[in-house]
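**Student:** Residues per chain are reported as follows:
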Amino acid sequence: MTATAVTPETELQRHFEDTIEHDRRIEPRDWMPEAYRKSLVRQIAQHAHSEIIGMQPEGKWLTRAPSLRRKAILLAKVQDEAGHGMYLYSAAETLGADRADLTQLLIDGKQKYSSIFNYPTLTFADVGVIGWLVDGAAIVNQVPLCRSSFGPYARAMVRICKEESFHQRQGYELLAHLMGGTPAQRAMVQDATNRWWWPSLMMFGPPDADSPNTQQSMAWRIKRHTNDELRQRFVDMSVPQAEALGVTLPDPALRWNSEREHHDFGEIDWMEFKRVVSGQGPCNAERIAHRKAAHDDGEWVREAAVAYAAKQAARGAAA
Amino acid sequence: MTTDHDSAYDSLADEHGGDARWAFGTGFDDPLSGVDTAIPGGVEAADLAVYCLMLADDALVMSQRLTEWCTNAPELEEEVALANIGLDLLGQARLLLARAGAADPSIPQRLAADLPHEDALAYFRRAAEYRNVTLVEVDNGDFARSAVRLLAFSTWRLALLDRLTSSRDPVLAAVAAKGVKEVTYHRDYAARWVVRLGDGTDLSHDRVAAGLAATWPYVGELFVSSDVEQRLAAAGVGVDPAGLRAEFDDVMRQVLAAARLQHPAAESTVDIAGRSGRHTEALVSLLAEMQELARAHPEAIW
Numbered sequence: 019m020t021a022t023a024v025t026p027e028t029e030l031q032r033h034f035e036d037t038i039e040h041d042r043r044i045e046p047r048d049w050m051p052e053a054y055r056k057s058l059v060r061q062i063a064q065h066a067h068s069e070i071i072g073m074q075p076e077g078k079w080l081t082r083a084p085s086l087r088r089k090a091i092l093l094a095k096v097q098d099e100a101g102h103g104m105y106l107y108s109a110a111e112t113l114g115a116d117r118a119d120l121t122q123l124l125i126d127g128k129q130k131y132s133s134i135f136n137y138p139t140l141t142f143a144d145v146g147v148i149g150w151l152v153d154g155a156a157i158v159n160q161v162p163l164c165r166s167s168f169g170p171y172a173r174a175m176v177r178i179c180k181e182e183s184f185h186q187r188q189g190y191e192l193l194a195h196l197m198g199g200t201p202a203q204r205a206m207v208q209d210a211t212n213r214w215w216w217p218s219l220m221m222f223g224p225p226d227a228d229s230p231n232t233q234q235s236m237a238w239r240i241k242r243h244t245n246d247e248l249r250q251r252f253v254d255m256s257v258p259q260a261e262a263l264g265v266t267l268p269d270p271a272l273r274w275n276s277e278r279e280h281h282d283f284g285e286i287d288w289m290e291f292k293r294v295v296s297g298q299g300p301c302n303a304e305r306i307a308h309r310k311a312a313h314d315d316g317e318w319v320r321e322a323a324v325a326y327a328a329k330q331a332a333r334g335a336a337a
Numbered sequence: 005m006t007t008d009h010d011s012a013y014d015s016l017a018d019e020h021g022g023d024a025r026w027a028f029g030t031g032f033d034d035p036l037s038g039v040d041t042a043i044p045g046g047v048e049a050a051d052l053a054v055y056c057l058m059l060a061d062d063a064l065v066m067s068q069r070l071t072e073w074c075t076n077a078p079e080l081e082e083e084v085a086l087a088n089i090g091l092d093l094l095g096q097a098r099l100l101l102a103r104a105g106a107a108d109p110s111i112p113q114r115l116a117a118d119l120p121h122e123d124a125l126a127y128f129r130r131a132a133e134y135r136n137v138t139l140v141e142v143d144n145g146d147f148a149r150s151a152v153r154l155l156a157f158s159t160w161r162l163a164l165l166d167r168l169t170s171s172r173d174p175v176l177a178a179v180a181a182k183g184v185k186e187v188t189y190h191r192d193y194a195a196r197w198v199v200r201l202g203d204g205t206d207l208s209h210d211r212v213a214a215g216l217a218a219t220w221p222y223v224g225e226l227f228v229s230s231d232v233e234q235r236l237a238a239a240g241v242g243v244d245p246a247g248l249r250a251e252f253d254d255v256m257r258q259v260l261a262a263a264r265l266q267h268p269a270a271e272s273t274v275d276i277a278g279r280s281g282r283h284t285e286a287l288v289s290l291l292a293e294m295q296e297l298a299r300a301h302p303e304a305i306w
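Protein chains in written order, with this note's numbering: chain A, 19 to 337; chain B, 5 to 306.
For the record, the hints were derived by calculation from the structure and aren't laboratory data.
Warning: the hint list may mix true and false statements.
Straight-line alpha carbon distances no greater than 25 Å define the calculated SDA-like cross-link-like pairs of lysine to any residue that follow [unchecked claim]:
id: 1; chain 1: A; residue 1: K78; chain 2: B; residue 2: P302
id: 2; chain 1: A; residue 1: K78; chain 2: B; residue 2: H301
id: 3; chain 1: A; residue 1: K310; chain 2: B; residue 2: H301
id: 4; chain 1: A; residue 1: K310; chain 2: B; residue 2: V84
id: 5; chain 1: A; residue 1: K128; chain 2: A; residue 2: M289
id: 6; chain 1: A; residue 1: K130; chain 2: B; residue 2: D210
To list a few chain B residues with every Cβ distance to chain A over 10 Å, as calculated [as the list claims (entries may be wrong)]:
id: 7; residue: I43
id: 8; residue: G46
id: 9; residue: E72
id: 10; residue: A87
id: 11; residue: G95
id: 12; residue: A97
id: 13; residue: L101
id: 14; residue: D166
id: 15; residue: D231
id: 16; residue: E251
id: 17; residue: Q258
id: 18; residue: A286
From a predicted model like this one, the values you see are computed outputs, not experimental measurements.
Beta carbons are placed, not taken as given, at the ideal position from N, Cα and C, and that holds for glycine.
Work out the full structure, taking the sequences as your base and the hints as a guide.
**Tutor:** This is the structure in structure tokens:
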């Protein structure tokens, strides 16, 4: 730390840029520009919040899961999401943030989470489609983050991506099973696909032309690909999967473009995206209210744990 | 971009039968494959099936209650722990339900031809056909009450499973051996919370004392043995719950002392007997929610 005190900032900045340039990792003890730190805390906190809020839409089906095997799979998945939230908050804490403060920012609406979780889960097939499309889009977004320039985030993402791939397979397996089931089950899958397809495409964020943070994040190698690149990749991956399942993606403009060697797809409703991001989605208020209620109801429990730990420490000191 | 994660994504539409990466209990294999499932001599198959239902229903209903904490727990660590305990108990329930269905195939009301026994039994029995003790079915209440209930349940179940490891039935012995490890952790988790709350703030002390008072009326039932339990205990296959009382009291005394809580006076005898199918209203509501979707599509497999 004494070295930090005497090294001029320009030299530290040069060393930081050099580290980024050579694709090496920035670690918590390394010097970093304040804007880099802030940008990372924002991104990691949003990601952590998304994991925790993301437990709600699927968690609602836990008590009603229609077979014990599906119940076990879903419970394991929702538990994984709580775990992801925990280690992402820990990664943010290596940057000087505090989990309790970040939770408060979420509850106060001052930090965001992925807008996809503001859509409702209306049938059990939604659980499968969330696994297939939502976790699928998350993976496409997150795999490049395993090479993020910030070490703790990159390492957390390696583990998270492995578990997300697993969730995605489970979601897809559920859908494949339902598509081989009764007409009602097949109709459920198509209906859920219709409702989740467009919101899934929105998960990659605004088009590149309207994405103010992308350029700086890419220069710092916090982010590796633009929103539109990742969105295209997701569409190209999902089309054959939908065909294998036997569901129709709800986009009449969707077709293979042999010149581009990519699928063309229809115009995303960016007005809807803006509405949901700005808090006017179907479940925004409900998701935050639920999180706030759990947090408020648990306050006396957390206080008791702190009080008990303090008593134990005092007893230890007295002994 | 060619990392492992991408290829996992790309291979999604491929066949993946026999994939070893499925988490325990979430795959397609028969959970009892490789275990000798013959009915041990000297035991009626119908008795064995009912006994398995009793132990299965305790775990299943407790798991369902724990699941209700999901997204509602006071801290993320508790989200993970409570889900994990619920998952362990769900796993125990599934093995025992499969055993019950295999021992006496006349029990489950089979609807779809290939509906697994475990689902026929979990989703298509009425409350009066459930055999769980009523302790597990009553509402969660607050975190303190849930912690006390989990402590009482896991103290009792651990004592039971510990003795069941020497059952003459290889399936019950195997389920018990796996369960002992799990429930040891559950009991430890619950005990730590009861102590923290009891010796935390004045508020938490009052709440856990109230939780204890609310839970205690359901404790007496844990040690009342039914005819089936007595017959199976005599045959060396089951455990007579009457013999678990001393261990239960001993553990509770230690934990309550550390938590600075008064040991409750002798519990009132409640005229409820879950083992014979007499339940509280709470189980009726719990099952209405749990079974709703499965019953709306009785011909479907999920």
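**Student:** Each of the hints needs a verdict: does it hold here or not?
**Tutor:** How the hints compare with the structure:
no.: 1; hint: A:K78 x B:P302; in the structure: holds, 21 Å
no.: 2; hint: A:K78 x B:H301; in the structure: holds, 19 Å
no.: 3; hint: A:K310 x B:H301; in the structure: violated, 35 Å
no.: 4; hint: A:K310 x B:V84; in the structure: holds, 18 Å
no.: 5; hint: A:K128 x A:M289; in the structure: holds, 21 Å
no.: 6; hint: A:K130 x B:D210; in the structure: violated, 37 Å
no.: 7; hint: I43; in the structure: holds, 23 Å
no.: 8; hint: G46; in the structure: holds, 31 Å
no.: 9; hint: E72; in the structure: violated, 6 Å
no.: 10; hint: A87; in the structure: violated, 4 Å
no.: 11; hint: G95; in the structure: violated, 7 Å
no.: 12; hint: A97; in the structure: violated, 7 Å
no.: 13; hint: L101; in the structure: violated, 8 Å
no.: 14; hint: D166; in the structure: holds, 25 Å
no.: 15; hint: D231; in the structure: holds, 28 Å
no.: 16; hint: E251; in the structure: holds, 26 Å
no.: 17; hint: Q258; in the structure: holds, 17 Å
no.: 18; hint: A286; in the structure: holds, 13 Å
Going down the numbered hints, you'll see the structure goes against 3, 6, 9, 10, 11, 12, 13, while the others check out.
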